[in-house]
Amino acid sequence: MNLNLKARRNNSYDAIVVGTGISGGWAAKELTEKGLNTLVLERGRDVKHVEDYPTMWKEPWELPYGNRLTAEELKHYKKQNRTGYTVTQSTKHWWVKDTDQPYEEIKRFDWIRGYHVGGRSITWGRQSYRLSDIDFEANAKEGIAIDWPIRYKDIEKWYDHVESFAGISGQAEGLPQLPDGKFLPPMELNCVEKHVRDSIKKEFNGRVLTIGRAANLTQLHNGRGACRFRDRCIRGCPYGAYFSSNASTLPAAAKTGNMTLRPFSIVNSVIYDEEKEKATGVRVIDANSGEMIEYYANIIFLNASAVNTTLIMLNSISDRFPNGLGNDSGQLGKNMMDHHFRIGANGVYEGFKDKYYIGRRPNGIYIPRYRNIGSDNRDYLRGFGYQGAASRQGWERGVRELAIGSELKGIITDPGNWTMGITAFGECLPYEENRMWLNHDKTDKWGQPTVVFDCEFKENEMKMREDMKNDAAEMLESAGLKNIRTFDDIGGMGIAIHEMGTARMGRDPESSVLNKWNQVHAAPNVFVTDGACMTSAACQNPSLTYMALTARAADYAANELKKGNL
Amino acid sequence: MGGTVFAPNILGILKGCTPTPGVDWNPVFFSNVQARLVSELAEVILPADEYPGAKDLGVPAFIEKMVTDVYDQANRDRFVEGIESFNSIAKEMYGSDYADSTAEQKFEMAERFNTEALTQQHGERPFFLAIKELTILGYFTSETGATEVIKHLPIPGSYEGCVPYEDIGKVWAE
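Line by line, the protein sequences are chains A and B.
Quick note: the first sequence, position 496, residue 496 per this note's numbering, numbers continuous.
Quick note: the second sequence, position 170, residue 170 per this note's numbering, numbers continuous.
Excised from the complex, chain A in its bound form:
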């Protein structure tokens, strides 16, 4: 009894944060800075900023196999490599092995992920956009799913807060559908991108091409270095020049002295106390020893990523919650969304042969949504934005050259034509039948249930894709590009690596899992602020919104705790 009490005291904290990715890092920073003694749990290994980025300085000739995986290695990353870009010699340590971490797909689902401190904040695309009231109001206006319980005014100052710390470079454009932020100086467009920008402005009313808003620093910022334009972000940045948990939020949390970071800690479930009507802690499996350990806290932030947070909640069974923690509505695991993309066009620009660029810009262009805004009215709901870039063709084009020998060498040691490609990222509606659940009969090597996905894009997305493809070709064509080719390869849901929506926020406990403060309706000291909380997807890259919602929820949680309400 005494031993148990002692263990309980030693394993008790003010707060527990589950996960160290984009949102977990923010929860850790905000809670520790508010003075809360916080345990931060990560299922994978530790990754220390800079010292654990093994490939950050590798030059092309220092990477074996032209940076490609061997056939033997690829056997372990069949699903992780469905994107075609994620797993290489320089990045393979950032992704789980599918052979170690299986999941089932009733329909193809691309669940791309990395288990280590920092999670996917190390490998993310860094595009950072605000949602607007056009997004927050859409469900209510159109009668789709349920209403968001918040509006732009509720989150605006938290966007300011996270942007000021993270450092987002970009250009203010004054667009209602894509609110401006607290930007560092924008990166530069190249010759062809400027040309296409001017053409779009002239030819297409209401459409704007701007430089991507990226969490890459264009100047020194909060003690982190400016981008040196190596475009090797995905390997980890020695200058800390892009936002990751490892470079930014976790060091800030560590600095407070209030953080205990515990890697190799797989959260099995949340402990719920039926008498107190709240959660009291989490059950953790030590990934190395297999030992089950309980940790206790007054507030718990679930930031394990949409799918894994939902897994933990579905696996947290009690008499009060036989279908998973906080799942009175039955919505837990439903309404899975992602962005549908990999559709657009590219073409050749025959001018500017006397121009080139210096540096490898880790960012591209963005064309914010213009469909179904104002007087524009399509035969589908919502819209899409484009990302892309122009560049001159490199030596790789040599394979298709008719020349061989010295003539070939002469051709490909010069750059080729300017080309530009744009791909659309479309909003996916929340559909209740797009869901994930747990298979308790098929467990992983730690005895944990595995995830089953049954999700698909539907008619609204398919109709939207017609515009996504045709508009791309039209904009490039009107800017004078030649040999325009369209492409369309939707892949599985998940391939945008923006999975979200499976524990949505809402006003009504009967139709949602979380309230407007990201609190589990029926377990108010549990907060979910990763992608699982999203009520709709919008078409913007979502990470900045997760950051803002996390900071907002952490502020609320700390205040409520102080008031004795949690």
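Check each hint, because a few of them may be wrong.
DSS-like cross-link-like pairs, simulated, lysine-lysine; straight-line CA separation at most 25 Å [unchecked claim]: (1) B:Lys170 with A:Lys353; (2) A:Lys58 with A:Lys48; (3) A:Lys445 with A:Lys153; (4) A:Lys516 with A:Lys563; (5) A:Lys58 with B:Lys55; (6) A:Lys58 with B:Lys151; (7) B:Lys151 with A:Lys355; (8) A:Lys194 with B:Lys170.
Keep in mind the hints are simulated off the structure, nothing from the lab.
Here the structure of chain A is known, so what remains is to put chain B in place on it, guided by the hints.
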């Protein structure tokens, strides 16, 4: 890559093997005839001129590594069949292994295969395009290829999106 070409040969001698005649690395997967063909054909695709050739930069050994370790079984088999069939045609046309034919004959045959491969509309990817791709990849990702034949900046420091080409003068390595 260039600097490491010598190392396997040392290992070969220590193990009591003699280096394979006619090539500058110790093939572990290709036969001698195959290795010589790959060496010579890579050199025809990117020959030594004012800049080093494919052989100077260790490209043939790189090709073997890619075919052995990166290609899956089906592509590996197809590549080897491609070498064999290429050599048979050389023998028919010139009466000798491809590697032993004259410089003019080597170029003539490679040029013909390149044109045919690029104009072929359907079917499996031709062997010639596979070896051409590996040759170009190995060449321009080698240190000498990337830094001396074309331009490479490990740390550019900034991005300038529209500068006179003459200020740079070569394609960027990446």
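Quiz prompt | B:Lys170 paired with A:Lys353 [C-alpha distance capped at 25 Å] | solution = Given pair B:Lys170, A:Lys353 holds - Cα atoms ~13 Å apart, limit 25 Å.
Quiz prompt | Agreement of A:Lys445 and A:Lys153 with the hint, judged by alpha carbon distance not exceeding 25 Å | solution = Cα-Cα ~45 Å, so violated.
Exercise. Assess, step by step, whether the Cα of A:Lys194 is no farther than 25 Å from the Cα of B:Lys170, and give holds or violated.
Key: Status holds; Cα separation ~23 Å.
Self-check item: Given pair status - A:Lys48, A:Lys58, alpha carbons within 25 Å
Solution: Distance ~18 Å between A:Lys58 and A:Lys48 Cα, so the pair holds.
Quiz item: If you draw a straight line from the CA of A:Lys58 to the CA of B:Lys151, is it 25 Å or shorter?
Solution: Given that 25 Å is the threshold and the Cα spacing comes to 17 Å, the pair holds.
Self-check item: Pair hint A:Lys516 and A:Lys563, alpha-carbon separation not exceeding 25 Å
Solution: holds, 19 Å
Exercise. Starting from B:Lys151, check that the Cα of A:Lys355 is at most 25 Å away, please.
Key: Holds, at roughly 15 Å.
Quiz item: If you draw a straight line from the CA of A:Lys58 to the CA of B:Lys55, is it 25 Å or shorter?
Solution: holds, 24 Å
When held up to the earlier numbered hints, the structure conflicts with hint 3 and nothing else.
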